[in-house]
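> Counting in our numbering, the sequence shown runs from 1 upward without gaps.
Honestly, the hints are just simulated from the structure, not real lab data.
List time: in silico EDC-like cross-link candidates among lysine to aspartate or glutamate, alpha-carbon distance up to 20 Å: (1) Lys3 x Glu26; (2) Lys3 x Asp22; (3) Lys3 x Glu15; (4) Lys3 x Asp17.
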Amino acid sequence: MTKINFVVSDGSVSEFDAQNGDTVMEVATRNGVSGIEADCGGSCSCATCHVY
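Whole structure, please, built from the sequences with the hints as guidance.
Written as structure tokens, this is what we have:
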């Protein structure tokens, strides 16, 4: 299992488990990560879930 750490704009960090085949966007939206809107549903066309 993979662990993904999300650092949001206020600097707080949240760690979530990801299953094989999950995208970063799916893990973020499933866990309610602030700032990840995923308006396009993961088709990489809206830019609401950029990864830096």
